[in-house]
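Asker: Sequence lines, in order, name chains A and B. Using my numbering, you'd call the opening residue of the first sequence number 1 and step up by one each time. Using my numbering, you'd call the opening residue of the second sequence number 1 and step up by one each time.
Be aware that one or more of the hints could be misleading.
[What the hints assert, rightly or not] Okay, derived cross-link-like pairs now, EDC-like style, lysine to aspartate or glutamate, Cα gap no bigger than 20 Å in a straight line:
no.	chain 1	residue 1	chain 2	residue 2
1	B	Lys-169	B	Asp-192
2	B	Lys-96	A	Asp-30
3	B	Lys-285	A	Asp-114
4	B	Lys-96	B	Glu-166
Calculated from the structure, these hints are not laboratory results.
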Amino acid sequence: MRRVAIAYALVAAAIAAVWAIEVYAIPWTDPYITNVLLRIGFNVLAVLGLSLVLGFTGQFSLGHAGFMAAGAYGSAILNMHAGVPAPLAMVFGGVVAGLAGVVVGVPSLRLSGDYLAVVTLGFNQIIIVIIQNTPILGQAAGLTGVPQVTNFGWTFTWVILAAVSLRNLLDSPQGRAFEAVRDNEIATRSLGIDTTGVKVTAFVIGAFWAGVAGSLIGFNLSSIFPSQFQFDRSIELLAMVVLGGTGSLSGPVLAAVVLTVLPELLRDIPNADRYRMMVYSVLLVAMMALRPRGFLGNRELSDVVAGLWRRVRRRGQVA
Amino acid sequence: MTQFVQQLVNGLSLGAIYALVALGYTMVYGTLQFINFAHSEVFMAGAFAAMVVAVHAGVAENPTWAGVALVAVAAMLFSMVLAIVVERVAYRPMRKSSRLNVLITAIGVSIFLQNVALVSFGTVLPFPEIVPRTAWELGGVRVSLNNVLILGVTLALMVALTYVVERTKIGLAMRAVSHSRDTAALMGIPVDRVIVATFAVGSLLAGAAAFLFCIENPRVDPAMGANIGLKAFVAAVVGGIGSIPGAVVGAIVLGLAETMVSGYFTSTWRDAIAFLLLIVVLLYKPSGLFGRHQMEKV
């Protein structure tokens, strides 16, 4: 009981710290740096969701950007046309994306890995086509006039909530079912676990966080374009999870941070954007050959640090 | 009625191109059970090879039938060599890895090739007009030389493919490997060489498709493979992946569906058709129209 109370207090303290930074540090920070921090937050949030689907449940989703689009447009429309306050609209953005997750998940999760990959990819494409053909969503020209609400505080509040809730979920008995489905679906089913239900749940939760990330993006720059949520964005998120470690939360988060900051450092090189995708692809192929489970595998950053610390201490005793 | 026949002609031409690409997906899936995501980039590379040869070998200024054939053969050979290199460098080391990892490798290769083209050629480039844009009116239906060429070349390649798969030794080996790779290996079939042959045949067809696509849509673009490749893959799945006749039927169905929708409704929804078709087929017949249903074994 006391441990739970301490945990809640820590989460509250972390959120308070985020808002303290928002109020006392962000106004004095270079807007460019703030922007990079926000983009790290968006990617981390989306990657946390995808990590549950791909890393822990082993379901190959190539349409995560489609869920982000659903969240971005859903929340912006709710805010602009139904007057839902933006922070609440962000939650609804996640819900809209989660519903899209049910729509995609229920039929396609009866299929095995490769088919699922193509169906989710197709779903991503269909979402883009729908947006491009719907006048209220601004079509290809983009949806403009979205209020600018996203800031450091909201972004990282959501990141903390996502990370904590996913960690708790994965440590619960229900959460173990995700990994069981990934490791051996038939064996899991034979234990009486509803594997389709588990997969749909993973999909919906993953889509929810992607949707929240999308709505943060939507409320960030006052306009949203369908081109922001195309296939290459899904691939980028996929690369982050795979490079960070499938079956780890902190690994993909680390990869999201690195892969968001790295292109910024390479900004001065001409055509850096083209080379960026080239570097991603080479990293992906090399990683698959050398470390197929990603940088951290299924370990967490805390395990790695603890391991290093033990080794350092043992060495100290010998000397 | 004439409009319907016109759409039929256009749809068959589009479906023929999809079919040539779809065969590459379905053959590789049949032997290795994985989606060769890089196949769309093999198609794109074939288009660029055709463009380079057409421009630099003087076919563009002085188009002759021999020159056109040279362009087509160049596209096919370049696609083939590229696919063999990709198989050797990226896929063969992954033979024993999990399917997820192989799939990710294939996606990585695909993005890599697309960006190599982007860095070396920039963006969209025109494809020179090497086949004259003649057309005939047949009872109100317009049939172009391109339509004839597309359907004729496709038909010839299908006959050749059927001959190779059904009547030659390597074709027999391909069917054996696709049936059971381990058993085939035990029977003394050089599995690796058969896999290379499968990639070679599939990518030759993709190169031919690239050539045919370019004479009809005269431009090359590093991203052109993604769209065609996806639809061809959808066609292969609709037909039942792993099945050669299935891929052709699926591609024709898809080509017709797309031209009918853009002819009678609106062309802006065209790109969504393929995926709607895919989802509907997978829901009612998860192994595709011609696919064998496989039992899950523990």
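Asker: Taking the earlier hints as the rules, which of them does this structure contradict?
Answerer: 2, 4
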